[in-house]
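Taken in order, these protein sequences are the chains called W and H. In this note's numbering, each number is its position in the first sequence, counted from 1, plus 34. In this note's numbering, each number is its position in the second sequence, counted from 1, plus 1.
Derived by calculation from the structure, the hints in this document are not laboratory data. Don't be surprised by glycine CBs; every beta carbon is placed ideally from N, CA and C. Be careful, since some hints might not be right.
To be verified - Below, computed lysine to aspartate or glutamate pairings styled on DMTMM-like, alpha-carbon distance capped at 20 Å:
| # | chain 1 | residue 1 | chain 2 | residue 2 |
| --- | --- | --- | --- | --- |
| 1 | W | Lys89 | H | Asp103 |
| 2 | W | Lys88 | H | Asp103 |
| 3 | W | Lys88 | W | Asp115 |
| 4 | W | Lys87 | H | Asp103 |
Claimed, not checked - Only part of the chain W face toward chain H is listed, based on derived beta-carbon distances under 8 Å:
| # | residue |
| --- | --- |
| 5 | Phe52 |
| 6 | Pro73 |
| 7 | Gly75 |
| 8 | Gly76 |
| 9 | Ile77 |
| 10 | Ser79 |
| 11 | Met82 |
| 12 | Ser116 |
| 13 | Ile120 |
| 14 | Lys130 |
| 15 | Leu131 |
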Amino acid sequence: KNEVEQSPQNLTAQEGEFITINCSYSVGISALHWLQQHPGGGIVSLFMLSSGKKKHGRLIATINIQEKHSSLHITASHPRDSAVYICAAPPFGNEKLTFGTGTRLTIIP
Amino acid sequence: NAGVMQNPRHLVRRRGQEARLRCSPMKGHSHVYWYRQLPEEGLKFMVYLQKENIIDESGMPKERFSAEFPKEGPSILRIQQVVRGDSAAYFCASSGTGSNTDTQYFGPGTRLTVL
Chain W
35 KNEVEQSPQN
45 LTAQEGEFIT
55 INCSYSVGIS
65 ALHWLQQHPG
75 GGIVSLFMLS
85 SGKKKHGRLI
95 ATINIQEKHS
105 SLHITASHPR
115 DSAVYICAAP
125 PFGNEKLTFG
135 TGTRLTIIP
Chain H
2 NAGVMQNPRH
12 LVRRRGQEAR
22 LRCSPMKGHS
32 HVYWYRQLPE
42 EGLKFMVYLQ
52 KENIIDESGM
62 PKERFSAEFP
72 KEGPSILRIQ
82 QVVRGDSAAY
92 FCASSGTGSN
102 TDTQYFGPGT
112 RLTVL
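Work the whole structure out from these sequences, hints included.
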């Protein structure tokens with residue numbers, strides 16, 4: 035069983051819809067990362083959070099440390115948001131990231 | 002302020018040849034991580050280095066793979082005697098402190114194809 039699980043694996047939505055991607059982890063962590071991998075393959079770090087909520091533009095990330103769960107939300111989704119979204123966590127006392135399998139998001143115009 | 006740079010972006014090798022992948026971290030960063038993404042699979046940790054030191058190589062295959070991060074110059078991931086199963090995207094990331102609450106900045110990746 036992967037230490038970091040994501041759902042759904044694939045998500046297709048219409049432009050403008052509110053998107054939620056979920057991430058659960060089984061290890062103790064001090065922070066969780068959300069990454070975006072573009073269709074061309076490049077990876078961008080979106081958020082690193084250890085508690086509460088962070089917002090950047092139309093993207094919102096939340097984390098509940100007690101429940102070992104994080105969500106990434108996209109408001110007013112746009113076709114350019116189409117990408118693979120990956121959550122990743124470094125276990126306590128460790129710097130290396132353990133990655134979820136990713137959620138492939140497709141936004142249809 | 003250049004980000005993390007990797008070269009080459011695409012590398013084609015025949016079975017048995019050597020592959021050298023280079024990673025230049027962001028300016029001021031001394032912590033480098035290498036990750037591998039096999040086709041249709043997720044990212045997997047390979048190795049974590051600081052200048053002149055390998056900190057964690059628990060994700061490196063036991064044979065044919067090596068990594069270094071010299072005092073001067075880029076970090077190098079070296080794969081000897083490549084096999085078809087080595088075909089993958091190899092990403093490096095860098096951070097400033099190595100803390101597990103520090104953001105890692107990713108390079109564009111090197112896509113290795115073994116014929």
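Taking the hints in turn, this is what the structure says about them:
1. W:Lys89 <-> H:Asp103: holds (18 Å)
2. W:Lys88 <-> H:Asp103: holds (15 Å)
3. W:Lys88 <-> W:Asp115: At roughly 18 Å apart (the allowed maximum being 20 Å), Asp115 of chain W and Lys88 of chain W satisfy the hint.
4. W:Lys87 <-> H:Asp103: Holds, at roughly 17 Å.
5. Phe52: violated (26 Å)
6. Pro73: violated (13 Å)
7. Gly75: Given a least distance of 6 Å, the restraint on Gly75 of chain W holds.
8. Gly76: holds (5 Å)
9. Ile77: holds (4 Å)
10. Ser79: Check passed: Cβ of Ser79 of chain W comes within 5 Å of chain H, closer than 8 Å.
11. Met82: holds (5 Å)
12. Ser116: Hint violated; Ser116 of chain W Cβ to chain H Cβ min 18 Å, cut 8 Å.
13. Ile120: holds (7 Å)
14. Lys130: holds (4 Å)
15. Leu131: holds (6 Å)
Hint check: violations occur at hints 5, 6 and 12; the rest are consistent with the structure.
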